[in-house]
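Listed here are the chains, written in short residue letters.
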Amino acid sequence: MLTSPKLNLLSLLAGARDTLPLVLAAVPFGILFGALCQAFGLPLALCLAMSIFVFAGSSQFVAVNLLGMGTPWFIVVCATFVVNLRHMMYSASLMHHVRRFTLIQRALMAFGLTDETFATVLNRLNRHKDQPFSGAYYLGSFGLMYSNWILCSGVGFILGSQLEDPLGWGLDVAMVVAFIGIVSPLLINKMMWLSAVLSGGVAVLTYDLPFQMSILVSSIIAIIIPTWLTFRMKNKKRSLLQEGAEG
Amino acid sequence: MNTTTLTDLQSVLLILGMMVATFGIRFLPFALASREKLWGKYQEFADTALGFVPVAVLTSIIAPTVLIRQSGIVSFGLENFHLWSALVAFGVSLLTRNLLLTVISGLGTFALLTVLFR
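These protein sequence lines map, in sequence, to chains A and B.
The first sequence: position 92 = 255 (my numbering), numbered continuously.
The second sequence: position 4 = 38 (my numbering), numbered continuously.
Just chain B, with the same shape it has in the complex:
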């Protein structure tokens, strides 16, 4: 499948462009970080909103990875090992709040299901 042909100049521009786009996005808030009260009278609002960032973004990565295993189909079935591993991990995490135990129980469940049913 040799479809891609880029000149050297295009390759350099591509890498530079992607680098600027990625780094620029990640760096902008860090660059402004030294200013006090950046959000002015909306500071309290901004702080509250930013407090939701970890839960909101990480869950939006977790949910589709767990539920959509193949091309756009939501699966609650027994064959969805990711789902059962995730549920076990969630339970262990709520009970113990221990990250290592959570990871081990989740991976263990996945390994067990794979050995038993695949």
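Looking at chain A on its own, in the form it has when it is part of the complex:
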């Protein structure tokens, strides 16, 4: 590659810096995850192993709650699969950008593809369209999220019951406002607005679905309908042009 190691280090730090608000927002969730493991009588090793090897916040929450109810391990694995399905949309939408990386590099990136890193990397791609997708930037975002998540799970397990509800600290508002700052510049036309309104509306209406399927259902609706409308309008334009050419 043409870039010098020094430049790569800068990209790495930039990736970590840009993920900071989302890392902050993940702190109470990591601590709560550890505290739940402790409360449900799971060993510390299992709690940390989940954060180290699985690294998927929302499915870890579903898993620990299911285990607490005495659910068999293979059902928990199935639930993990359902909860994480949205991540396939993330990696599908980044496909073009990761093409030039080796399979091993792509595997490492896939392991770290959380909501937070996806949002951060995507934001960078949209704001610096002239610059190529940076592997170092991705790694910086992933590395900070990853180390913070493992650390917070451990802290939550050890402090456990001494803590009042960590979600009451209101740190999750950092995630909301960061996501808003990433989504709103993408609302560049009517179809994007339609997608956002559909997604938010359906997500609120289907909130009670199990295994966070509401995210999946509302996303799919908010992708399919604007895509279909986009193509319908394109075809109409095309046939109008043809008529014009014939007439």
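Bear in mind the hints are in silico, worked out from the structure with no lab data behind them.
Careful, some of the hints might be misleading.
[Claimed, not checked] DSSO-like, lysine-lysine: derived pairs with alpha carbons at most 30 Å apart:
id, chain 1, residue 1, chain 2, residue 2
1, A, Lys353, A, Lys400
2, B, Lys75, A, Lys400
3, B, Lys75, A, Lys292
4, B, Lys71, A, Lys400
5, A, Lys353, B, Lys75
[Stated by the list, open to error] If you want the footprint, here are the derived chain A segments under chain B, 3+ residues with CB under 8 Å:
id, region
6, 254-262
7, 327-339
8, 360-374
[Unchecked claim] Computed spacing ranges between beta-carbons, pair by pair:
id, chain 1, residue 1, chain 2, residue 2, range
9, B, Gly106, A, Gly204, 25 to 33 Å
10, A, Pro295, B, Trp73, 22 to 30 Å
11, A, Ser324, B, Leu128, 23 to 31 Å
12, B, Phe79, A, Asp371, 30 to 38 Å
Ideal placement from N, C-alpha and C gives every residue a C-beta, glycine not left out.
With the hints as your guide, set chain B onto chain A.
Using the frame of chain A, we list chain B on its own:
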């Protein structure tokens, strides 16, 4: 609440299973990324659809977090600090398109509301 009992083998299978399920989902499209024109004649359709992914998925995470503050109840009330912080952040973002300003204004609003009204 010591309810959970897993044998060592079950614990290993659980972690392995969750790891395969999570990583497999995230890696599959990346593994196929080197193929040109993966979607064949539906390439244009796929590209358009994938263009909606960030807005669709991130909004589906934002909306319930902002509107549903406790067990399934949608709240538009003054006591919903998340909602007002989010609206301020949205306004700032539409006006400035600056992520840092958006985050600071949103967190600032939340802190101010907490100090004043809680």
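Which earlier hints can't be squared with this structure?
Of the numbered hints, just 11 does not hold.
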